[in-house]
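Please work from the sequences and hints to get the whole structure.
If you're matching them up, the sequences are chains A and B in order. Heads up: take any position in the first sequence, counting from 1, add 13, and you land on my numbering. Heads up: take any position in the second sequence, counting from 1, add 2, and you land on my numbering.
Bear in mind the hints are in silico, worked out from the structure with no lab data behind them. Careful, some of the hints might be misleading.
With a straight-line Cα cutoff of 30 Å, these simulated DSSO-like cross-link-like pairs (lysine-lysine) come out [unchecked claim]:
1) K519(A) - K200(B)
2) K182(A) - K205(B)
3) K435(B) - K519(A)
4) K519(A) - K205(B)
5) K191(B) - K441(A)
6) K435(B) - K1200(B)
7) K209(B) - K519(A)
8) K29(B) - K519(A)
Pair ranges (Cβ atoms, derived) [what the hints assert, rightly or not]:
9) R229(B) - A152(A): 39 to 45 Å
10) E267(B) - D304(A): 56 to 62 Å
11) D212(A) - K191(B): 24 to 30 Å
12) E439(A) - R771(B): 43 to 49 Å
13) A152(A) - R233(B): 52 to 58 Å
14) E223(B) - E440(A): 23 to 29 Å
15) D516(A) - D235(B): 57 to 63 Å
Note that the structure is a prediction, hence the values are computed from the model and not measured. Beta carbons are placed, not taken as given, at the ideal position from N, Cα and C, and that holds for glycine.
Residues per chain are reported as follows:
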Amino acid sequence: MPLEAPARIVSELTSRGYNAEREAVTKLASAENPQAALERVVDELPEDALVVRTDHVDAALSGADSRAADSTADSSAGPTGSTGPDANAAPGPPTNPSVSTGDAASDPADPDGSAPVETKGGGATDRSVDPELRSLEIAGDMTGQSTGTGEYEDFVAVFRDRLERLGSKLRGRVNHRPASAIQDMPGGSDVAMVGLVNDIRSTASGHWLIELEDATGTFPWLVMKDREYVDLVDELLCDEVLAMEGTLADDSGIAFVDSMYFPDIPRTHEPSTADRHVQAALISDVHVGSDEFMEGAWNRFADWLHTEQAQHVEYLLIGGDMVEGVGVYPDQDEELEIVDIYEQYEAFSEHLKKVPGDIEIVMIPGNHDAVRLAEPQPGFDEELREIMSAHDPQIVSNPSTVTLEGVSVLMYHGVSLDEVIAELPEEKASYDDPHKAMYQLLKKRHVAPQFGGHTRLAPEERDYLVMEEVPDIFHTGHVHKLGFGKYHNVLAINSGCWQAQTDFQKSVNIDPDAGYAPIVDLDTLDVTVQKFS
Amino acid sequence: MREVDERYFERLESRLDEAFDVAERAKERGADPKPEVEIPTARDMADRVENILGIDGVAERVRELEGEMSREEAALELAEDFAEGRVGDYESKAGKVEGAVRTAVALLTEGVVAAPIEGIDKVEILENDDGTEFVNVYYAGPIRSAGGTAQALSVLVADYTRALVGIEQFNARDEEIERYAEEIALYDKETGLQYTPKDKETKFIAKHMPIMLDGEATGDEEVSGFRDLERVDTNSARGGMCLVMAEGIALKAPKIQRYTRNLDEIDWPWLQDLIDGTYYEDAADEGDGEDDADEDEAADAESEGEGEAPADGDDTDEPQGPPRVEKSQKFLRDLIAGRPVFSHPCAEGGFRLRYGRARNHGFATAGVHPAAMHLVDDFLATGTQIKTERPGKAAGVVPVDSIEGPTVKLANGDVRRIDDPEDALEIRNGVEKILDLGEYLVNYGEFVENNHPLAPASYTYEWWIQDLEAAGADTQALEDDPRIDLEFPDPEEALEWAVEYDAPLHPEYTYLWHDISVDAFCDLAAAVADGRIERDGDGSVNGNGDDSVLVLEYSDPVREALERIVIEHRQRPDENRLEVDDWRPFVHTVGCEPRQAVADGAALDPDPDHDGDGDDPQEPTIELERTWTDDDLSERARTWGHESEGDNAIEAVNEVAPFQVRERAPTRIGNRMGRPEKSESRDLSPAVHTLFPIGEAGGAQRNVADAAKHAETMSDTPGVVELQVGRQRCPDCATETFKNRCPDCDARTEPDYRCPDCDESLEPDDAGRVECDRCEREGTCVEVREIDVNDEFRSALESVGERENAFEILKGVKGLSSTNKIPEPIEKGILRAKHDVSAFKDGTVRYDMTDLPVTSVRASELDIDVGQLQALGYEEDIHGEPLTHEDQLVELKVQDIVLSDGAAEHMLQTADFIDDLLEQYYGLEPFYEFEDRQDLVGELVFGMAPHTSAATVGRVIGFTSAAVGYAHPYFHAAKRRNCDGDEDCVMLLLDGLLNFSKSFLPDQRGGKMDAPLVMSSRIDPSEIDDEAHNMDVVSQYPREFFLATREQADPEEVDVEIAEENLGTDLEYTGFEHTHDTTDIAMGPDLSAYKTLGSMMDKMDAQLELSRKLEAVDETDVAERVIEYHFLPDLIGNLRAFSRQETRCLDCGEKFRRMPLTGDCRECGGRVNLTVHKGSVNKYMQTAIQVADEYDCRDYTKQRLEVLERSLESIFENDKNKQSGIEDFM
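The following block contains the structure:
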């Protein structure tokens, strides 16, 4: 039988210019002779139809084939997901994703021609989705809103905006004074200040000197090496916003830190949930065009989305790096299967078409995509959107917040994770536990605090990288490692990738988590990981 | 030594002594830091070693040992002397080791480079974990200049001396071993190593190393693991240590082993494991390790096998394939905009390898025809460096006009070989295509030096004449026949010799048959058979004994074949004709026979118009008959080829031609432009006239006159500036000053050292170190004091009797960087400014030139006359004839040098400065009194190369218009330079003697490099860089040599005499014969177009334009590479820099990691701005896109540019207010 897997049916349909509803595909796949059934359906489609719907299939099949109703169910071999350990104890221990294997060979159309249970009785519609129930809102998308022209003033404005907005979360907690005023206060006074970390250095005697900066100037704060707060110094990154409280030295030239405050996620944060059982798949780093793109795993994933098991997956979020790109690193062309950047996006679009037509897709660009590298990165331009238009995805900037039936998901590609992992001690952030590095970003309420290092900044009129609102879910990728957990009830997920280990990763001993799809229940925020590799 | 050589050196030395006396007298009178000349003279290497080290007794011992043993053995012998206190005055064990190690390095580098003093910082004794003592040698970056062998041997000597003085071995801690491995990998990444040991190898060495290797941090990048170790001061890579470990120990293990074997005291058994590669931990016990290693080796072997398989296959399937070298792309790497590619690797139409040594050639140089230099749009000039495919990596270009010039196609359809540079200039604008770049002369010695297998030789006159002789001809008789030009014979003669003696056809009429395919050859033969012989009626005799020409019907394949075999012809597509003048050898070579026949064409052609041109229809015409058919060719000839079967027609030619035809140019050499040549005065930036500090008072110009008027506020006295200078004290009257002479009693002052803590007055110890015993701190004489610059300036003007208008501007320095901060007398600066020369950091006036070699010269090309040559001791020419006229060649004496015009001009200015200095400052008679540059001939100069510490005395013999410094190869080698584009400087002798002082040298690392700490008065050929010994010195390469090149033999296997063979004999200074002459050592353009073209864009346009013209260059590849290696890195780097940039205050220069939130400078309140602007980010964007488009680059490249362009737009343009183009308003 040439056509077995739903994915093949979908590609057959897309090659003829049609998109397909998931259920329609399932029905076609379970027909005794899917090839013939497909031909028939296509023949009988109305002229103006773009999407093959269940009723088209029913109409086409009912006339000729009624045996489908007698078929026995076979759903046992389908992929089974298991819920990850409850991660409510935040910040929880690393949650080792328990993983199930999506077995694509045992898809509904196995050799005995049996059909899934839901087709019993001829076209039961209990899987069909109701678009009315869905809601999807975007916030913080700066695509087309880039107003910066790369002037000095633009940079100053961005950092001022950062201090203004994140500082407002701290000013209520301490009795703060501007840096210029602190110098004039009498020695020995209790003081507090809100500012950007300007400099962190150790003194000859092993204490830490942290320079805070606000709109009036800078002031040095000394963290004694024997104080409890000294551990927090390890976590600090330049240019994050902090509040410090302490005592002024006798000459008022420096203050001794008694306590430190981060903007942080309130411990009392209660995440919103969806009103119904509905799921979202959170993936990233597809890297189509690379020699190492795992086409097989992707197809199994797409197949699985057509199965009953995935019937509640109505949203697909992609966190950047759709394609491998061109010129990302030297001599990249030698490792490209598709050398042409536009053909890479066309191929990606073809792969995306295998995903059921009724799934809502949201995507942001990453550092391999053909947009500017400096963050925030606007969504793709018109030319690339045109290429990917078949599935009508929402294409927004990196970062952006998308709210799915009340659940807000902050999507960020994750370039700053490299820096967090490099700067912080291993137990606080590592490639093996990428979600822990994400906790740090949540704590700092900023997706890429440090300026001047790995992360590149494009100055805009406001700092789009600030987490002004607390998200319910924080979704990143980039480091090609899978990890998730909860921090103050915010679910942090770093999705894996769809690219096998590259030569570069081998040389630096990174073993990527490739071919996994974390699935989030939007009504409970529980996570299931499906494995397709 | 021959008597004439002895006389020569004595002459040099007597002139040197003369100058020395004057300098000594002057120094006694002046206020220089030292009252005597500070450059000691070294007659031989032993002297240099002693002078550079400053350890007494070394020279004597070195001379004793020199005759008996090798230099390496002498170094070990000296180590014993140091250990036992026979040499050097060292109390401590550390001192003894240090002395021995430094001496060893100095000895192995012939006392020329700075490595022994700058590359070894110190040796100290530290404690092992078990309480025993070990030796730690502290290396610094400049150890690089010592080279691997000397580096490795320094470790061995340190260990040997350690054993002799009774110190234990070093036991490295585990974390230290790991640190070595990480550090070497880091250094390799950051800076690059010639050889990078694997981690396992490094750890193995570190574990067994009996002394500790340590050193200074040389980079900013830090190791990530194994930081903050107790016995390692830094977390950065220690460059000197990495070099010694990787390029010294790891790479030179077999060499060290040779010496350890003979030493009983020390034992390095692990060297054997290192050499064998069996250093995997406990390889014997652990099966796994061994298996891994075996697997690795097996895998390596396999992959190697795969790599060679195609080549092998060719060899076995077609054992008779033509010999060819492998293509190498390496020289194309990192192609830079504006420096053109002349030929892609082994590309047809590129330079053809010809073997030989011209008289201005032979020491990392490449001979190029001057006509070719002009035709590549002047990008090549004498001295321009080219990066080349083989045999070395780079070479300096020299003009040689006794080789074949380039062949070009002109816009009028003529295809001509251009052998005259004048013709090249005349026709240059009409050149449509450069079909062939002509010959490229490389000498045999170059292959020896680079240990490169000989590449198949071109068929040239010098080979042919030996073939002819081997075939039985009396070549002597032919040579003596005045009617015969053997090198450029008439076609008739060439044919006659080939047939009569059964010798290969003369190269002049041998075309590049190997560059066309067998099919193309058959077609060409057919076209020739259909061709006709015409009288062109222009009355000229075309070398065929008449004015006949061969006319072929015009067709693209035939035209292409003629172009590819590089035969001169004319293309007349409008008349449907292709005309070849010298047609007889050509016609015979393609297997056609001309036959006389009575023209019956007249009958067929009723055209009556025969009367006009005087053609007699009755005259017999010549018809061409093809003597063979395609089927006559053997299988072997049909399939003969290198890259594909049948791509080489040479075998077919040999089957159909009535004589043997050799491959004309089997080896083509790819190359591109490297550095341009150089001839300019060396100035500090900004240029400096006097090493007198004036702080910020002189403004950005460092103008002393401005500083003399400067006042910070209204209440300050103008000209009084606070400066850091050394404190001096008069021993007689105790006056405190900063000058070298007491202002009160004129006695010489001494530095007044104090302890910075207790202010105790200190005296330097024997080693010159000043330390306070009580506080254990180093003493110093440097203090901040107020100096009245105005007064100093005015009194200096007065003392030399000059007025302020004698010069435009007198520039001082901001501050002094030497240890004791002794300022130079302003008087010297005033006189420098007057003569418009500037001072280098050591007080000397220098002029830089690219080095080129020359072994024989003519008076005529040096702008001198025979009388001047005779006055310099030149008596006969190279043939032993008495010297009578300017065109005779004389063999250059080893220390005679040729100055470029610019250098001569600069030397005249310096001489005027020196004369004024002697008269007006020192109160002596002038020394030089030059009127014009002819007076310079015979004067002595110093030659001095960067990274070395020894100057070599040279004598001016003449001048050249080329922007280079021509000198004997031995002179360059004595300075440790070769001629592949290296440059170094000359100084006027008395300038060096009078104005150089060690006291001016910066006290930081490397400060003593590039300073004449010692001078060699005569060159001993055995004590120079041995690269020069590989130069061949014959007048003809034997026939066996040419035959061996076709076997691609190892150069050592061939018998050609090289300079090495004369070392130590009477002939060591003479007999540098050459195989090729050149009319003038300065031909072709004087300056490369790279220097005469203005902006980078102009250069790049010219580069790409040239790439289109050159047959041997793929212009798309050039454009790709320029974009890939130049534009893209620039764009990407600047874009990255933009989005993570620092900012800087425009007013006070303070830098900020991030933009201050206040917006203004936190230090001074001034305006802060970006350091990377939009303009610097996208300056190349449009050009790159345009080039990619115009030269049809790959889509991949174009798309990378597109993506970048959009990134730039996205960052620099406001989405809501897009910049509109002019079309919006039309």
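30 Å Cα cutoff - pair K435(B), K1200(B): holds (28 Å)
Hinted pair K435(B) and K519(A), Cα distance within 30 Å: violated (49 Å)
Holds or violated: K29(B) to K519(A), with C-alpha atoms at most 30 Å apart: Violated, at about 67 Å.
Pairwise beta carbon distance, E439(A) to R771(B), judged against the given window 43 to 49 Å: For R771(B) against E439(A), whose Cβ atoms are near 46 Å apart, the range 43 to 49 Å holds.
Beta-carbon spacing of E223(B) to E440(A) - inside the hinted bounds 23 to 29 Å or not: Between E223(B) and E440(A), where Cβ atoms are some 25 Å apart, the hint holds.
Proposed proximity, K519(A) with K209(B) (alpha carbon, max 30 Å): holds (28 Å)
K519(A) paired with K205(B) [C-alpha distance capped at 30 Å]: Cα-Cα ~22 Å, so holds.
Pairwise beta carbon distance, E267(B) to D304(A), judged against the given window 56 to 62 Å: holds (58 Å)
Range hint 57 to 63 Å (beta carbons of D516(A) and D235(B)) holds or violated: violated (36 Å)
Range hint compliance [Cβ, A152(A) to R233(B), 52 to 58 Å]: holds (57 Å)
Given pair status - K441(A), K191(B), alpha carbons within 30 Å: Holds - the C-alpha atoms of K441(A) and K191(B) are around 29 Å apart, at most 30 Å.
C-beta pair R229(B), A152(A): status relative to the range 39 to 45 Å that was hinted: holds (44 Å)
The structure fails hints 2, 3, 8, 15 (numbered hints given earlier, in ascending order).
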